[in-house]
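Enquirer: Go by the hints and put chain V with the ligand onto chain A.
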Amino acid sequence: MADTPTNAAPNTPSVVERTRAIAAGAPVVAAHFLGRTAALVLGEEAVLLVPDKGDEQRIALHGGGILSAATDGITVVTGGDDGKVFSTDAKGERRLVATDSKRRWIDQVAAGSDGMVAWSAGKTAFVQSGKGEPKSLDVPSTVGGLAFAPKGVRLAVAHYNGVTLWFPNAQAAPEVLEWKGSHHHVAFSANGQFLVTAMQEPTLHGWRVVDAKHMRMSGYSARVRSFGWTVGGKWLATSGSEQLVLWPFQGKDGPMGKQPKMFAAFAVRVTAVACHPKQEVVAVGYADGTVLLVRIDDGAEVLGKKPGAGPVAALGWDSAGTLLAFGTEAGEAGVIDLG
Amino acid sequence: MSSDQVSSEKLPVTVLTGYLGAGKTTLLNRILSEPHGKKYAVIVNEFGEIGIDNELVVGADEEVFEMNNGCICCTVRGDLIRIIEGLMRRKGKFDAIIVETTGLADPAPVAQTFFVDENVGRKTRLDAVVTVADAKWLKDRLKDAPEAKNQIAFADVILLNKIDRVTPAELREVEARIRAINPYAKLHKTERSQIALSEILGRNAFDLDRILDIEPEFLNTGDGHDHDHDHGHDHGHDHHHDHGGLKHYHDEDMQSVSLNTDKPLSPDKFFPWVQKLVAEDGPAILRCKGILNFKDDPDRFVFQGVHMILDGDHQRAWKDGEKRNSRLVFIGRNLPEEKIRSGFETCVA
Ligand SMILES: [Zn+2]
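Sequence lines, in order, name chains A and V.
Take the first sequence: its position 156, counted from the start at 1, is 156 in my numbering, and no numbers get skipped.
To convert, take the position in the second sequence, counting from 1, and add 339; that gives my numbering.
Same shape as in the complex, but just chain A (with noise of 0.2 Å):
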């Protein structure tokens, strides 16, 4: 193992400099930004939130653990183990969306759009747009992964053996994507024609919404806990390896039959990924605490963040690009400020 890069190459360009670094106090589990203003979320009670300019407030949410948390850009969802859910704004101005009756964790959230949110409790998956009631369905088993479709009111839900699609405003019953194994985080590629989960073996997969077709994802060495899509879906970033791997969304067929790209290996494991807004380039978190950005086109590497105590948890872009926050298991946090 001596001779294994446990970082990067020496000669790799830096932007590390450019950081401000931030004293989370604890385990940060997401980062998303709220316009220039990012929010990292804490593993228990807080969200902390740094504005380009000025001091970071933390902002007290849940009375005890933050078990998942979502953003549409306006505002930063929480869901806790005290069976609340927040949204909370740039500001700070915190608006309690719900509070499960029977006090269940509250296991993943959602955030659509006008301001739309999702959560579910169980096997009990809720949407509340506007002033109404919640809107509930029952799911087979746990729910491991909500995210809402790119356009239209259309919540996917994942769970054992299958994604369930469904229209909260509208009386069709809701269609099951089936696929035997148990299925956590989801998400939709930005033209919502792509939908992929990933499962409690080390794959992902994924399905041609329009037809149902599958696709299998394999050959990670650790549960996939972190993906998304490039700018403009070419490309489906993942951890889960001792290297970046980017699956082709190219064609109408998604990746089947062709090998993923792959970039920046270390002798440790890929924890995070977050694709920039505007480029192809990656950002990408070690299980040693290193962040790399990665520009797809040529493999060219720049390091954001040097390793720490604990493996990188959270990584998030502002919508122009220039700004990147970091979070660690072990509390190191920071915004790096690339404009």
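For the record, the hints were derived by calculation from the structure and aren't laboratory data.
Worth double-checking, as some hints may not be accurate.
[Claimed, not checked] Once the Cα atoms are required to be at most 25 Å apart in a straight line, the calculated DMTMM-like pairs of lysine to aspartate or glutamate come out as: (1) A:K123 to A:E175; (2) V:K430 to V:D400; (3) A:K180 to V:E619; (4) V:K662 to V:E556; (5) A:K123 to V:D638; (6) V:K432 to A:E44; (7) A:K180 to V:D445; (8) A:K180 to V:E556; (9) A:K180 to V:E402; (10) A:K102 to V:D400; (11) A:K180 to V:E424; (12) V:K615 to A:E201.
The structure presented is a predicted model; accordingly, all values stated were derived computationally and were not measured.
Expert: Leaving out everything else, chain V with the ligand in the frame of chain A:
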């Protein structure tokens, strides 16, 4: 690997099984209410039975998920993966985790979760499977409930509870029934689940370093008996006579096979054999353990397994004067004993 550096403080997890009414809930309530200075996060099933309002008590659904290889024994508890990940958000707020299973549960998916899920395995470790059994009714349950038999076979620690409800003869009978299935578990006889918590928590039964000896527990004399809370029955006396005065039962479908040889083994023969064995007969093998003496190897090699999952490592050097032999035990249902014995013989170097 440096990604495993955080593993130094893995939280211990105790799995508490037992048929309905055996005294599991009483035991849990004691763990949660007694002033022992420790904080436990408890994952319970029949939510609401625990009469204590505690934010660290979490309800679970016992969702048993098959893995993608399509094998019936390769299962995990999906809900447990989710709950343990959630509890880890509150790391530092508790010292250990207890997983209560329903009376009908098979302990294997729970145990396998800790070996199969990388994230759960990185942050927690399985400590022991503790089974509470009702001294009066266990004999009947062993006849009519395969789950009850599984729980006894799988256990590291057995609490034979409610011994005040049976005669000494009935107690010996039920103990013999237990030993016919699982001769290796630590057995405690209790009333109202009264037991020093140190006897059930912090056992390290799944720790390879603790695989020190593989002898049937009822042949061990001396240490341990002072913990049995005998309350005046004649347990110790029996032992003195003829190994507990236990009749020798053979359970018709659940048994253990133990193997022993002084001849050094060949690792090149042993590993392919044991891997093929668990691949073919894993559904029947509930648990296995072994201490191995490999030819030209100064170290003891230890291993353990649950169904098809094996875990093993060099443990320590054989000591001067220590008897170098290999011992293995398999506990399971309708084990192919002849196949196991003859296969093992081919592993001699
Ligand atoms: Zn199996």
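Enquirer: It remains to establish, for every hint, whether it holds in the given structure.
Expert: Results of checking the hints against the structure:
Among the hinted pairs, K123 (chain A) with E175 (chain A) is consistent with the structure: their alpha-carbon atoms are about 16 Å apart, no more than 25 Å. With a C-alpha separation of about 22 Å, the suggested pairing of K430 (chain V) with D400 (chain V) holds against the 25 Å cut-off. The suggested pairing of K180 (chain A) with E619 (chain V) holds, with an alpha-carbon distance near 23 Å, which does not exceed 25 Å. Among the hinted pairs, K662 (chain V) with E556 (chain V) is consistent with the structure: their alpha-carbon atoms are about 20 Å apart, no more than 25 Å.
Taken as a hint, the K123 (chain A) and D638 (chain V) pair is broken in the structure, with Cα atoms around 50 Å apart against an allowance of 25 Å. Between K432 (chain V) and E44 (chain A), the direct Cα distance comes to roughly 11 Å. Compliance with the 25 Å bound is thereby established for this hinted pair. Straight-line distance between C-alpha atoms of K180 (chain A) and D445 (chain V) comes to about 22 Å, which keeps the hinted pair within the 25 Å bound. Of the supplied pair hints, the one linking K180 (chain A) and E556 (chain V) is violated, its CA atoms being roughly 42 Å apart against a limit of 25 Å.
About 14 Å separates the Cα atoms of K180 (chain A) and E402 (chain V), which keeps this hinted pair within 25 Å; it holds. Between K102 (chain A) and D400 (chain V) the alpha-carbon distance is near 15 Å, which keeps this suggested pair within the 25 Å criterion. About 23 Å separates the Cα atoms of K180 (chain A) and E424 (chain V), which keeps this hinted pair within 25 Å; it holds. Taken as a hint, the K615 (chain V) and E201 (chain A) pair is honoured in the structure, with Cα atoms around 22 Å apart against an allowance of 25 Å.
Going through the hint list in order, the structure does not satisfy hints 5 and 8.
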